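Colleague: Residues per chain are reported as follows:
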Amino acid sequence: MFDITDRSLSLEPLVSAVTRSSSGAVASFLGVVREQTRGRQVLYLEYEAYREMAIPKMREIADEIRRKWKVDEIAMVHRIGRLEIGEVSVAIAVSAPHRHQALAACAYAIDRLKETVPIWKKEVWTDGEEWVGPAR
Amino acid sequence: MKVRVRCFAAAREIVGTGELVVDLPEGSTLIQLLDRIQGQFPRLQGLAGSLLFSVNREYAPSDKRLSADDEVALIPPVSGGADV
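For the record, the sequence lines run as chains A and B. Residue 88 in numbering that gives the first Met the number 0 sits at position 89 of the first sequence; the count goes up by one each step and never skips. Residue 38 in numbering that gives the first Met the number 0 sits at position 39 of the second sequence; the count goes up by one each step and never skips.
Calculated directly from the structure, the hints in this document are not laboratory data. On a predicted model such as this, the values are computed, not experimentally measured, just so you know. Treat the hints with care, as some may be off.
Claimed, not checked - Below 30 Å or equal to it, Euclidean Cα-Cα: the simulated DSS-like pairs (lysine-lysine) are:
no., chain 1, residue 1, chain 2, residue 2
1, B, 1, A, 69
2, A, 113, A, 69
3, B, 63, A, 120
4, B, 63, B, 1
5, A, 67, A, 113
Claimed, not checked - Chain B regions said to be covered by chain A (calculated; three or more residues, Cβ under 8 Å):
no., stretch
6, 0–8
7, 45–56
8, 67–76
To be verified - Each pair of labels, with its calculated beta carbon distance range:
no., chain 1, residue 1, chain 2, residue 2, range
9, B, 18, A, 16, 30 to 36 Å
10, B, 23, A, 43, 34 to 40 Å
11, A, 4, B, 15, 23 to 29 Å
12, A, 106, B, 41, 37 to 43 Å
13, B, 18, A, 45, 26 to 32 Å
14, B, 3, A, 38, 35 to 41 Å
15, A, 125, B, 18, 28 to 34 Å
16, B, 45, A, 20, 51 to 57 Å
Backbone N, C-alpha and C fix where the C-beta goes; we use that ideal spot for every residue, glycine too.
Isolated chain A, as found in the complex (with noise of 0.2 Å):
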């Protein structure tokens, strides 16, 4: 499952697609609004995507997360629009038949999703407003 949406995000849809009968261990991250970034009062943040490369470019994650760990399935989905403080901005769910697999993936998901997959968000502070994209 990889997906850009822009209804509200949540952990169940993924870990139930991801789950196997060989899955011992599933592993998820959810990424969250705060309400402060770099000191600055968060008012809401707004996500853009540039889709047709963006799920390709979750996929390529997927791939290189098989070459280096032993895993069952991998779902990322991010959501796109306007979020408000508390909201999912993006959920990630690894399974595999042991648990360090799972996590170090996880983990790996993320990082890397921030690097590549064209995603943007704008800060909409009290006092201004900035876009944050991809950081390669």
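Fit chain B to the supplied structure of chain A, relying on the hints for placement.
Modeller: Positioned in the frame of chain A, the structure of chain B alone reads:
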């Protein structure tokens, strides 16, 4: 030759649209494309040092030569916006 240019985030706000079609001489590179667009939208120069490119949905170096009907994207990593 004509190439499509997708603009995102700060680049989209400066250009005022998510997509441009730019007519370039055959064999032009990404840098030559950027020069052309910057001529039209000088505020893009504020992003130029940090701008990344993709061609046909793969990241590409700025000296890459373009072909007709390529889909280029301007991918700004981080960009300051005007304080409000």
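Colleague: Between residue 1 of chain B and residue 69 of chain A, is the straight-line Cα distance small enough, at 30 Å or below?
Modeller: Since the Cα atoms of residue 1 of chain B and residue 69 of chain A sit roughly 45 Å apart, the hinted pair is violated (cutoff 30 Å).
Colleague: Would the hint linking residue 63 of chain B and residue 1 of chain B be met if the CA-CA limit is 30 Å?
Modeller: holds (16 Å)
Colleague: Compare the distance between the alpha carbons of residue 63 of chain B and residue 120 of chain A with 30 Å, and conclude whether the hinted pair is satisfied.
Modeller: holds (28 Å)
Colleague: Does residue 113 of chain A lie within 30 Å of residue 67 of chain A when you go C-alpha to C-alpha?
Modeller: Status holds; Cα separation ~19 Å.
Colleague: When you take the CB atoms of residue 106 of chain A and residue 41 of chain B, is the distance between them in 37 to 43 Å?
Modeller: Holds, at about 42 Å.
Colleague: For the stretch 0–8 of chain B, do three or more residues have a beta carbon lying closer than 8 Å to a beta carbon of chain A?
Modeller: Per the Cβ count (3), the hint holds.
Colleague: Note whether the CB distance of residue 18 of chain B and residue 16 of chain A lies within 30 to 36 Å or breaks it.
Modeller: Holds: the Cβ-Cβ distance is about 33 Å, inside 30 to 36 Å.
Colleague: Are 3 or more residues of the stretch 45–56 of chain B near chain A, judged by a Cβ distance of less than 8 Å?
Modeller: holds (count 3)
Colleague: Hint says 34 to 40 Å; check whether the CB-CB distance for residue 23 of chain B and residue 43 of chain A agrees.
Modeller: Between residue 23 of chain B and residue 43 of chain A, where Cβ atoms are some 39 Å apart, the hint holds.
Colleague: Within the stretch 67–76 of chain B, is the number of residues with a Cβ closer than 8 Å to a Cβ of chain A three or more?
Modeller: Holds, because 4 residues of the stretch 67–76 of chain B bring their Cβ atoms closer than 8 Å to Cβ atoms of chain A.
Colleague: Between residue 125 of chain A and residue 18 of chain B, does the beta-carbon spacing fit 28 to 34 Å?
Modeller: The hinted range 28 to 34 Å holds for residue 125 of chain A and residue 18 of chain B, with Cβ atoms some 33 Å apart.
Colleague: Quick check on a hinted range of 23 to 29 Å for residue 4 of chain A and residue 15 of chain B, using CB atoms only.
Modeller: holds (27 Å)
Hint compliance for this structure: hints 1, 13 are broken, all remaining hints hold.
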